[in-house]
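Listed below are the residues making up each chain.
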Amino acid sequence: MAQIIQRSRTPRPRANFNQDRLWAMLVILPTVVFLGIFVYGFIGQTFYTSLTDWGKDSAQALALDPIKRFIGFENYRELFTGFIDVRFRQDLVNTFWFTLFFILGCLGLGLFMAMLLDQSPRGESFFRTLFLFPMSLSFIVTGTIWRWLLQPQGGLNQLPTAVGLPQGQFGWLTSRESIWNFNWQDLPFFTGLAVALVLAYITWNAVQAGMRSRAIIAGVSSAILLVWAIYFGRGATWIYPFPEMHGFNFAFIGIIMAAVWQLSGYTMALYLAGLRSVPEELREAARVDGATEGQIYRRVILPLLAPITLSAIIILGHISLKIFDLIFAMAGADNATTDVPALLMYLTTFRANQFSKGAAIASVLLVLVALIIVPYLSNQLRREKR
Amino acid sequence: MKKAAMLMGALMLGGALGQAKGELEIFSWWAGDEGPALEALVKAYSAKYPGVEVKNATVTGGSGVNARAVLKTRMLGGDPPDSFQVHAGQELTGTWVAANRMDNLAALYKSEGWNSKFPKGVLDLISTKAGTWVVPVNVHRSNVMWFNPAKLKEWGVTAPKTWSEFLSTCTTLKAKGLEAPLALGENWTQHHLWESVALGVLGPTDYGRLWTRSLKMNDAKVVRVWDTFGKVLDCSNKDASGLSWQQAIDRVMGGQSAFNIMGDWAAGYMATTLKLEPGKGFGWAASPGTNGSFMLLADAFGLPKGVKNKTTVNNWLRLVGCKEGQDIFNPLKGSISARLDSDLSKYNTYSQSAARDFRTNKIVGSLVHGAVAKEAFMSQFATVMEIYLGGRSAKSASSAAEAIATQVSLGQ
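Residue numbers (my numbering), protein chains in the order written: chain A, 1 to 386; chain B, 1 to 412.
In short, the hints are calculated from the structure, not lab data. Certain hints may be false.
To be verified - Under 7 Å between C-beta atoms, here's a sample of chain B residues computed to sit facing chain A: (1) PRO119; (2) SER241; (3) GLN380.
Fair warning: this is a prediction, and the values are worked out from it, not measured in the lab. By construction, the Cβ of each residue, glycine as well, lies at the ideal position given by its N, Cα and C atoms.
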C-alpha cells in the first residue's frame, strides 16, 4: 500500500498513465472496496450508532426496522459523567493498570529470558521453543488453565502445602480489595501532572542542548499546567458531581500473570533477534575499552534495542486495550472486579440491549487503540518514505 | 442485475425446498445435564410427525447468557429460528413482544383450551393486552433454601423461618466454628440471593409493586432489603465469586456451610449427580420469610414472526403445552409442569412438594431469571450490586437502582 501511495505522489507526465498502472489499480480495487465497506464503513456505522438512541426504548431495540433518533454525544456524556455508568469509569482505570503491568511484565521477563538465551547456553533452541510456546495457545485455553490454577481452593494456593506451609488464602480472581484508590474528580490533576512532567523533561533536554526558546516555551507551559492542575484539577465537580473512588483491583493480579505468561515469550523472541543483530565488533570494541559485561549491556546493547521496545509496546498495548477472551475465560463476563471496557461493551449491547451505548464504548476503545497505533504507523510511513 | 435476479430466484427455490422437506429448528440453551429432557421432547415430536426434520440448535451457558446474545444477532440479521427458548415474563414481553417480533398465540390457546389449564400467575407473565405470546414448558421455583438435614441436627439448629431468625442462626453457627453458614457462588447467585431476601423482607405484595413502579426502588422499605442483604452476605463464604452454583451446593452437602439459597434445579443436581435422596440426603424449605410465596421462573417457546413453516412450529407448541409433553419433559429436567393438571406420580418427592406449593401459593416472578423486569434493568442490576458491594451503602445502592429503573422506564 505504502509504496503505491508513494509512487502515485511522485510527479510523472500524464502519458505515463499506461496499461501497467491501469492493471495495478484494477488489482488493488477489490481490496480497497472490501476494506472500505467492511472495515471503515462499519467503523463509521458503529460511530453513527453511538450517536443515536437505539436501545433506549425497548420497543425499538430489537424491532425489525428500529427507529433510531440522533441524540448527539449523549451516550458519551452518560458514560463519563452518568451516575449509573460508574462501571465504565472503573473499567477504564482497570485497563490502565492492566496495560501498564502487562507491558512492564512482558518487557522485563522477555528481556531477561532473551539475555539468558543470548549467552548461548546448552539446549538453547529447546528453551527458545519452550518460552515461545505459550504464545501458540489461544487466550481461551490460557484463561481456562489459569482459571483452574487460581481457584481459591486449588492450584497456586495449594503450592505452599507441598513444603509444609499452610494453604494460601489469596482470592486470585475473587478478591474485592483494591489499592491506589483515587477520586475520579482528581483526574484532571493527575493528567495535568503527567503532561507537566513530560514538558519538564522536554525543558531539561532543551536546556542540555542549549535550545533557549524551546526551553522557555516548554518550561513556562509546564509551570502553568502544574499550577492549573493543583488549583483547579482536584475535586473537580465539572468532571463529575460526586466523589467517586477508583483503584487497582487485586483481582487483576491473576489476569496479569496469565497474560504475561502467554506473551513474554513473544517479547523474548523480539529481543533475542535484536540482541543477535548487535554486531560482535561493537561488543569487542567496548571490551577493548575496558567495559564490564554489565556496562556493555547498559551502555551499548540496551540503547540499540530501543526501537524493538517501542514496537513491542505498541503491539502489547493494543492487545491489552482490546483484551476480552482471556478475562471472559478466566473470570467470566460478570465479575465486575475484573471488568474491562470490551467486556462491558458486550454486556451492554447483548444483555441490556443498549446498542447505542455499546457502540459508544466501542468507539471509545477505538480511539484509545488509535492513540497508540496511529503515531506508530505515521512514524513507520515517514521512515519508509525517507 | 440479471445475475442478481437469478441469485434471488435460486435462494427462493432453496427456501421452498426447505419448506417441502419440513424442518423445525429449536433454539435453546439446554445442554449437558438438561440436554436429555429436551431430547426426550424432540423424540416425542419426531414420533408424532416423522416427516419433519428437527434441528436442535443449542448454545450452552447457564440461564441462556450466551444463547440470548446469539439469538439477538440472529433476529437482527433477519434469520429467526423456528422456535426459541425464552424466559416467561419481561425477557419475552419487554424484549421480543415489545419489538413486535412474536406471533400472537391467542388462537392456539383458545383451540387447545389452555387458558384454564395454566394458572393465572403464569398466564399473566406470558400475556399482554394484545395477546398471549409463548407456551410455557416448565416452572422452576427460585426461593428455596437447601440444607443437609443430618448436619443441621448435628449442629442443633433448624431451618430458619425469617431473615432475622436466619441471622441469629448464623451467629449460633459461627460460634460453633462454622466460618460461613451460608454458601454462595458466582455473581448471578448473589443476585439470586437478593431476590429471595427482597421477597422475604417486602412480602409478595410489595415485591410485586417494585416491578410496576408503584413502590420506588429507593423507598425506605427497599433500603431495608439492602441492609438485610448486607447482613446475610456477612454469613457467606469469601471465595463466592470463584464458585459455580454446584460448588456452592457442594459446600452445604460437605458440611462447610449450613444453607444455600438456589432455584430448584439444585434438586435435580443433588438427586441425579450427587445421588442423594430428597428429604434424607438433602432438605429444603422456602427461603426465609417467603413461606406461602412461590417465586417462579418458567421457560417457554414461541413462534417468531417470519418463520417459514408455521404448521410445524404450531405442532411443536401443541406438544410443548400438552399434559403428556410436559410430563415427559419435566421429570427429566427436574422442574415441574406449568399446568395445573400434571400427573404428580411421575415426579420425585421434591417436585411433588413444589407442585403442591405451586398450586396453592401466591405466585411472584423472579428478577434474575427474566420474569419481572426488562433486560435493560436486569442486566444493569449488576451495576447496582457492584455499587453496594463496593461501599456497602444501602442508600446509594437503592438510589442507583431507582436511577436505572427510571432510565430504562421499568414497568412500562
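- Is the shortest C-beta separation between B/SER241 and chain A less than 7 Å? holds (4 Å)
- With a cut-off of 7 Å on the beta carbons, see whether B/GLN380 makes it to chain A. holds (6 Å)
- Task: Report holds or violated for the interface hint on B/PRO119, using the least CB-CB distance to chain A and a cut-off of 7 Å.
- Result: violated (27 Å)
Violated hints amount to a single one, hint 1; each of the other numbered hints is respected by the structure.
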